[in-house]
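As given, the protein sequences belong to chains Y and L, one line each in that order.
Everything in the first sequence is counted per numbering that gives the first Met the number 0, starting at 0 for the first residue and increasing by one.
Everything in the second sequence is counted per numbering that gives the first Met the number 0, starting at 0 for the first residue and increasing by one.
Hints are computed from structural coordinates only; laboratory data are not their basis.
No experiment lies behind these values; they were computed from the predicted model shown.
Just so you know, even glycine gets a beta-carbon here, dropped at the ideal spot from N, CA and C.
Certain hints may be false.
[What the hints assert, rightly or not] Here are the computed lysine to aspartate or glutamate pairs in the DMTMM-like style, where the Cα-Cα straight-line distance is at most 25 Å:
#1 Lys12/Y with Asp81/L
#2 Lys131/L with Asp50/Y
#3 Lys254/L with Asp78/L
[Stated by the list, open to error] According to the in silico footprint, chain Y covers these stretches of chain L (three or more CB under 8 Å from chain Y):
#4 45-52
#5 114-121
#6 181-193
#7 197-205
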Amino acid sequence: MGLYLKSIWMDMKCELEYKLSFVFTMVASALSTLFTLLGTIILLRKFGSVDGWTISEVMLVTGIAVFGHVVTEMFGRGLDHFYKQVKSGLLDRILVRPRSITLQVLCSDFQASKIGRLLEAIVILIYGIATVNVEWSFYKILVLIMMVGGSAILFFSILLLKASFSFWTIEGMEFMNILSDGGRDLASYPISIYQKWFANIFTYVIPFGCVNYFPLLYLLGKGNAPFWYGLTPLVTLLFLVISFGVWKVGLASYQSTGS
Amino acid sequence: MKAYLSFLKLRLNVGLQYRFAAIAGILTQFFFGVMYLFIYEAYYRANISIGMEWQALVSYLWLNQIFFYLTYFNLIDGDIYDSIVTGQVSYELVRPLSVYWLWYVKLLAKKIAGAALRFLPVLVVAMLLPSKYALQAPVSVAAFLLFLVTLFLGVILSICIGMIIYGFMFYTTSSRGLFSIYTAIADFLAGGTIPIVFMPPLLQKICYALPFRLTIDLPFRLYVGNISVEEGVVSVVKQVVWIAITMVLGLVLMKHSQKKLVVQGG
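Using the sequences and the hints, build the whole thing.
The following block contains the structure:
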C-alpha cells in the first residue's frame with residue numbers, strides 16, 4: 000500500500016511538471032462530461048421526465064455512474080493500457096520483479112488530470128442526493144454508499160477484464176470501450192428505461208441494474224421494493240471475483256511476445 | 000496538385016489497413032446507435048410534441064452513427080502531433096510542398112478511408128431493423144442530393160477549422176488538451192450530443208451563428224426533411240463562405256507560425 004501511494008505521488012508530480020498541459024487536459028476531460036450532462040438536463044427539462052423518473056433521480060444515477068467511471072479511470076489507467084505492455088513485451092520486466100504484478104500494473108499510470116471530472120461527479124451526486132425525494136435512514140445511507148462503491152467496483156472489474164483479454168488477443172481492444180465508456184452513458188439512466196432484452200443484458204450479465212435500479216427502487220420506496228433490493232450492489236463483488244479469476248488465468252497462461 | 004493527389008492515394012491505402020480497428024468501430028457505433036434509440040424512445044413515451052417527429056429523429060441518430068468517423072470533430076492525427084512535438088516537422092518544412100495542404104490532404108484521406116471501412120455495415124443494419132427503429136429513405140431526391148453536397152462541404156469545413164487549431168499548436172508546447180477542448184465544444188454546438196432543435200432558444204441562436212452545425216446538424220436534418228430544400232440551398236452558400244474564411248485564416252496562421260518556428264534539439 001505504501002508503495003502504491005508513493006507511485007501515485009510520483010505520477011502526479013510527473014503530470015504537474017507540465018502545468019499548462021495539465022490544465023488543458025483537465026479542462027478537456029471535464030468539458031466532455033459537462034456537455035453530455037448538459038444534453039441530459041436539456042432533454043429532461045424539455046420532456047419533464049423520462050419514463051417516470053424525475054430530473055433528481057436521473058442526476059443521482061448519473062452521478063453514481065460518472066463517479067464510478069472516473070475513479071477507475073484515475074486509478075486503473077494502467078489496466079486500460081495494459082495491452083500495450085503485452086504488445087511491447089514490457090510485461091516481462093514487470094514479471095521478474097519481486098512484487099505483486101497487479102500492483103505494478105496499477106502503479107504504471109495514475110491520472111491526476113481527471114480531477115475536474117471527479118469534482119463534476121461529486122457535484123452531480125450531491126445535487127441528486129439533496130433534491131431526491133427519499134426519507135433517509137441509517138440503512139438507506141448505507142445502501143447509497145454501496146451503490147456508489149458498487150459502481151466503482153463494476154467499472155474496475157470491466158477494466159480488469161479488458162486487460163485480461165489482452166493475454167489472448169491484442170487486436171480490436173477498442174471494443175471493450177463499449178463496456179467502460181458506453182457503460183457510463185448507459186448507466187446514466189435507471190436501467191429500466193431501456194427495452195427489456197437490453198436491460199436484461201445489463202442487469203444479469205453485467206450488473207449495472209444492481210447498482211442503479213434495484214437499490215434505487217428501494218431508496219425511493221417505489222413499487223413496494225423489498226428490503227433486500229438495497230443489498231443488490233453487493234453482486235458487483237461477485238463480478239469482481241470472476242474478473243480477477245480471469246485475470247489470474249490469463250497471467251498463468253501468458254507467453255511472452257516481445258523480443 | 001499531382002503531388003497532393005498521389006499523397007492522398009498513399010494515405011488512403013494506409014488508412015484502409017486498419018481493419019480490426021474498423022470492426023471494433025462498427026460495433027461501437029452500432030451499440031451507441033441502439034442505446035440512444037432506447038433512451039429517446041423512453042423520452043418520447045411522454046408524448047410531448049417537440050421539434051422532431053420520431054421517425055425523423057431515428058434517421059438523424061442513425062446518420063450520426065453511420066457517418067461518425069467522417070463528421071466527428073476529433074482531428075488529432077498521431078503522426079502530425081508527434082511530428083510537431085518531436086521536431087520531425089522540420090523535414091516536412093524543407094520539402095517544396097506546402098505543409099498546410101500536405102496535412103490537409105492527410106486528414107481528409109484519414110477521414111475518407113476510416114469512414115469507407117465503417118459506414119456500410121452500420122448503414123445496412125440500420126435499414127434492416129424493424130421499421131420503428133430503422134433508418135428511413137430520404138424525403139426527396141433533391142433533399143438527398145443536397146444532403147450529399149452539404150455532408151461533403153461540411154467535412155471540408157471541419158478540416159479547415161481543424162487546421163487553424165494545428166496552426167496554434169506551433170505556438171505552444173502543451174497542445175495535448177487543446178484539441179480535446181475544441182472537440183468537446185464543437186461537437187456539442189454542431190448537434191452531435193443532442194439535436195439542436197431540442198435546445199433552448201438562446202442556445203439554438205448561438206449554434207446557428209457558428210459554423211459547427213454545418214457539419215452535422217445541416218446535412219442530417221436535410222436528409223430527414225427537418226430543413227427545407229430552399230433553406231438547404233442557402234446553407235450551401237453559408238458553407239462555402241465559412242470554408243473560405245477558415246481556410247484563409249488557417250493559411251495565414253500557418254505561414255505566420257512557421258516564420259517564428261524554432262526547432263529544438265539537433
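To see whether the hints hold, each was checked on the structure:
For a cut-off of 25 Å, the pair hint linking Lys12/Y to Asp81/L stands: about 23 Å separates their Cα positions. This hinted pair checks out: Lys131/L and Asp50/Y have alpha carbons roughly 18 Å apart, not beyond 25 Å. Taking the CA atoms of Lys254/L and Asp78/L, the gap is near 20 Å; set against the 25 Å cutoff, the hint holds. Note: the stretch 45-52 of chain L has 3 residues with beta-carbon separation from chain Y under 8 Å; the three-residue rule is met and the coverage holds.
As drawn, the stretch 114-121 of chain L meets chain Y at 0 residues by the rule of a beta-carbon pair under 8 Å; below three, the given contact is violated. Under a criterion of three residues with beta carbons nearer than 8 Å to beta carbons of chain Y, the stated coverage of the stretch 181-193 of chain L is upheld, 7 such residues being counted. Restraint check on the stretch 197-205 of chain L versus chain Y: 4 residues with Cβ-Cβ distances below 8 Å, three needed, restraint holds.
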